[in-house]
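Colleague: Residue-level listing of the chains:
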Amino acid sequence: MWRAEIKVLLKPSILDPQGQAAEKALATMGYTGVDRVRVGKYLEVTFNAPDRTAAEAKVQELCNRLLVNTVIEDYTYHLVEVAP
Amino acid sequence: MWRAEIKVLLKPSILDPQGQAAEKALATMGYTGVDRVRVGKYLEVTFNAPDRTAAEAKVQELCNRLLVNTVIEDYTYHLVEVAP
Amino acid sequence: MRPEDWRKLGLRDDEYDRIKEALGREPNHLELGMFSVMWSEHCSYKHSKAVLKTFPTTGPRVLQGPGENAGVVEIGDGLAVCFKIESHNHPSAVEPYQGAATGAGGIIRDIFTMGARPIALLNSLRFGPLTDERVRYLFAQVVAGIAGYGNRIGIPTVGGEIYFDPCYQGNPLVNAMCVGLLKTDQLRLGKATGIGNPVILAGARTGRDGMGGASFASVELSEETQAPDIQVGDPFTEKLLLEACLELIGRGDVEGIQDLGAAGLTCAVSEMASRGGTGMEIELAKVPCREEGMTPYEIMLSESQERMLLVVAPEKEAKVHAVFKRWGLTSATIGRVTEDGMLRIRMHGAVVAEIPARSLTEDAPVYHPEAKEPTYLKSTADLPLAAIAEPADYDSVLLKLLASPNLASKEWVWRQFDYLARTSTLVGPGSDAAVIRIRGTKKGLALTADCNSRYVYLDPYEGAKIAVAEAARNIVCSGGEPLAITDGLNFGSPEKPEIYWQFRQAVAGISEACRVLETPVTGGNVSFYNEANGEAIYPTPIIGMVGLLEDATQYCTPSFKAAGDLVVLLGETYDELGGSEYLALIHGRVQGKPPALDLAKEKALHRTVLAAIRQGLVRSAHDLSEGGLAVAVAECTFGNQLGAVVELARGDLRTDSLLFGESQSRVVLSLPPEKLPALQTLAAQEKVPLRVIGRTGGDRLQIFVDGNRSIDRSVAELHTAWQEGIPCHLP
Amino acid sequence: MKFGVIVFPGSSGDLDLYHLIKDVLEAPVDYIWHEDTSVQGFDCLILPGGSSYGSYLRGGALARHSPVMAAVTAFAHRGGLVLGIADGFQVLTEAGLLPGALYTNAGGRFHCHSTTLRVENPDTPFTRNLHRNQLLSIPFAHGEGNYFVDPATLQQLEENGQIVFRYADERGQPSMEANPNGSVSNIAGVCNKTRNVLGMMPQPERAGEAVLGSTDGLAIFLSILKYWEGRQ
Ligand SMILES: Nc1ncnc2c1ncn2[C@@H]1O[C@H](COP(=O)(O)OP(=O)(O)O)[C@@H](O)[C@H]1O
Ligand SMILES: [Mg+2]
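Protein chains in written order, with the working numbering: chain A, 226 to 309; chain B, 226 to 309; chain C, 258 to 988; chain D, 61 to 292.
Simulated from the structure, these hints should not be mistaken for laboratory data. Predicted model only: the values in this text are computed from it and were never measured. Cβ coordinates follow ideal geometry from the N, Cα and C atoms, glycine included. You may find that some hints are simply not true.
Residues on chain D that point at chain C, a partial pick, calculated with CB under 10 angstroms [said to hold, decoys possible]:
(1) P69
(2) S71
(3) L75
(4) A166
(5) R169
(6) F170
(7) H173
(8) R192
(9) P199
(10) A201
(11) Q263
(12) E269
(13) L272
(14) T275
(15) L278
I would like the entire structure built from these sequences, with the hints used as guidance.
Modeller: Structure below.
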């Protein structure tokens, strides 16, 4: 079994409304020195695959087909082998 | 400057409706072998701090006060020093 | 069992003795748990039951009064309205987004359980002052939670109310109301009937969440209060459950049905069995669980959301499962209806609990706590008006009142709600009452929720009366005929005699108002223990009211519509500043008696206003409430940015009473001059005082008192103050 | 002609569309279940507003993989009329039947209000009863209506006349102030290159009867009917 830990963020060129809202909130709470907040998604997917190469291929397929909208989002992932 | 990369997930005992719905969707798409999907938040916060210890303290404070709802969510983070 | 075992679960020593008596033996751990949740205040109403019996609950239209999941009143055309209000205060104090969301989810289930399609949501919210950071967080999250659930499930949130007061700082109130529509022949009840009938559990899987939520609702909040695992709302699953259940009920496939809320499966099985005079055999191994290894105790007490319990005829069983499957939901037959009145709970065949169903419900303890008039009333009762200086500048008082978050526009809130879903909203939030049409008929419903808890604090009996009268006035000003109410009674600990006195007085006040206004109580909710660190909230009996428009297009709104119309005040103004927003905001006093209310006069006012609206005499109607005449007229100018010139005669009143006093049974109307005689005839018949006080027109609001210009501001400036009253506190 | 309203799990605008088409337009209409694999017999498919799959993960992301979507896609490729409203628009972009993507409103919050739309292209099956620069009052209610396309695609959309509606102020000028969600170039609705697939965030079925305050939304459905008549 594999666990993919997937981090998804809006592409840098796209304005991040949730990040902006958090920045504003932090400012009203009196936090100075916070430069930027970006808000994205974190996904953990546990799945079967015979080996790492197959697992890599599978994560990418899942991300591109469902989990991530690559028109607006970028993702990175990290694969961990886990006990079934 | 520091960048905190924060992964937030619902606590394990708490219902994750988004993860469940994604699991179901993957099943209808014909993906067998996907055991579990968990949907959480990923945050990147860039901020000022004099040193790593201060940076650690600050991330935790930001998370506990605003960014994470510790009543239902757990978080882990990773700190990177970045050029200002 | 040791005393600490039951005490830990919130049971008293004498209650434990009662349990032994009911069982004829010592309970085991699971049985004790079941008793503890069912005998919690939240489920058993043990401190309120006796008093609630005094409500007027019958009327020609009432199909279902209190006692079921929601009340039902007939509206003709073979249709009925089903509605109820419910609190979710403590969960919202701990996790505001999910607390509010699951509050909405819970009340929606109560409505479709009855066979009704939910068509509207309302809410009633109380927070501490917005100047506090934690309050701002609670407020924003509660609003987001209501939106997150209501918007996603596709039910419009059409109204509500919000107040801010320090008494709610540590214990906010989140009450949600849902209104549904059903054909009278599709009314379903939460009864287990038909010996041998299968019992089906459907919807979400059962997890470990919300264990002990009912007990958590039944204690005061303090630093040490242990919150149960938070439930996360899943509006998507609820939407599927709603459609599946309505499909089954519509086809006549359901004998009895009940949602799972507080106390989860324990509550559903015991209530259904005891209402049906039956028992149930349940096999817990058949319950679809979210996690492995759940114990019988966890399964029976879990408060996982979005679940339903159904009793169906054996020949329908397979079909019922097929429908749930088609909607993508799990369902399982978990037991049968039996005739011996016992709940027999098994795990893999072995009996793990065996309790007479009634002992958990009807035979729960009933208490008649001591009541004592609160001492604070001695110091608040007197309001020496002479000591209150009249302000020099009425303009700035009006601006301050309009900007007070209690009176200011709530648009920041309701803009986040999808109030247009179902394409039936004729009047959305921001008016006196919401009006929705009923497709396929000419009819419409007017809906509102109201309570001025400061009045109730200063005089629980009169204050509660006023809450009912104000709700009815809002319905009437919108063109509806008041039909019935649901009540959300939020109080402190009933074990304190002064609180219990407030409670009894409030119930008596509501009862009197409902009798005179002919709006029976069809159901409601009691939430006690609303205290933080020993301090109780103001007694807050929220009145949710439903009114009927035979012709939905004959609705009315507060905004002035045309320049040159007459502005008319119905009702009498007195020197009544007690409990007013003016007194609290400008003079820092929560003091005096609330304004007097004569219910017969109120009723006469309603008849007059309704007749005027139905005869098409008036172009706008707005009731006077917090902020009095000046604020009400200002609000009338906002909708179309149409000003007015108002001329008042002071008589022997104080100017501040005249402008900002909150005397009851008053309404401001606007109408074309030629309609005045007809209106005067109506008012004269009902002996309702009528004064022409001004004319609409221009872009300023000018109010003259005895010829002196007391208020003179542009509508735009007043409107901005009112619009910004809430957003200016938020990031 | 016959309308088909797709019912995804969690849809809620389906009920409103069905009512409008059947009771107000008095045109033939039926629901299409998300598990159906054929859309035969239908001439215009509507993907309704609401929250399919609870809008979980991303609006439209999960519904896009419903079994019926293969048939919808084939139907669109054959030139069939497909209208996606709000959540339905999201499904169409997720499915690649329309360019771009929709994400969180610029303010970060859900909003429900009335908007003014300016007709940018009257030369589509959905807008032929309208004229260029005509203003429509149509409400919106969504949290993820912020439309994004990259600059190159935006230029193509302009050139191909694929921008069908823009948010405008009362004077008819598209502007950021009038734009409720921050969408790029104030876009409220786009069609595909062949103009037989339209997606829009504001909900025309909510402006279909005088008692609801506006009938401006009807024009879109009447355009479809007229277009169909012309084809016969
Ligand atoms: N929490 C809320 N949700 C939805 N609408 C609200 C809420 N609070 C206030 N409103 C709307 O704002 C309007 C004014 O509310 P309120 O000042 O309580 O009116 P009134 O004094 O006439 O009862 C009402 O239409 C009400 O429905
Ligand atoms: Mg009112």
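Colleague: With reference to the structure, classify each hint as holding or not holding.
Modeller: Hint-by-hint comparison with the structure:
1. P69: 6 angstroms, holds
2. S71: 8 angstroms, holds
3. L75: Status holds, d = 7 angstroms.
4. A166: 14 angstroms, violated
5. R169: Holds: closest Cβ of chain C sits about 6 angstroms from R169/D, inside 10 angstroms.
6. F170: 5 angstroms, holds
7. H173: 6 angstroms, holds
8. R192: Violated, about 28 angstroms.
9. P199: 5 angstroms, holds
10. A201: 4 angstroms, holds
11. Q263: Holds - the Cβ of Q263/D comes within 10 angstroms of chain C, reaching about 8 angstroms at its closest.
12. E269: With a minimum Cβ separation of about 8 angstroms from chain C (threshold 10 angstroms), the hint on E269/D holds.
13. L272: 6 angstroms, holds
14. T275: 12 angstroms, violated
15. L278: 12 angstroms, violated
In summary, the numbered hints that this structure violates are 4, 8, 14 and 15.
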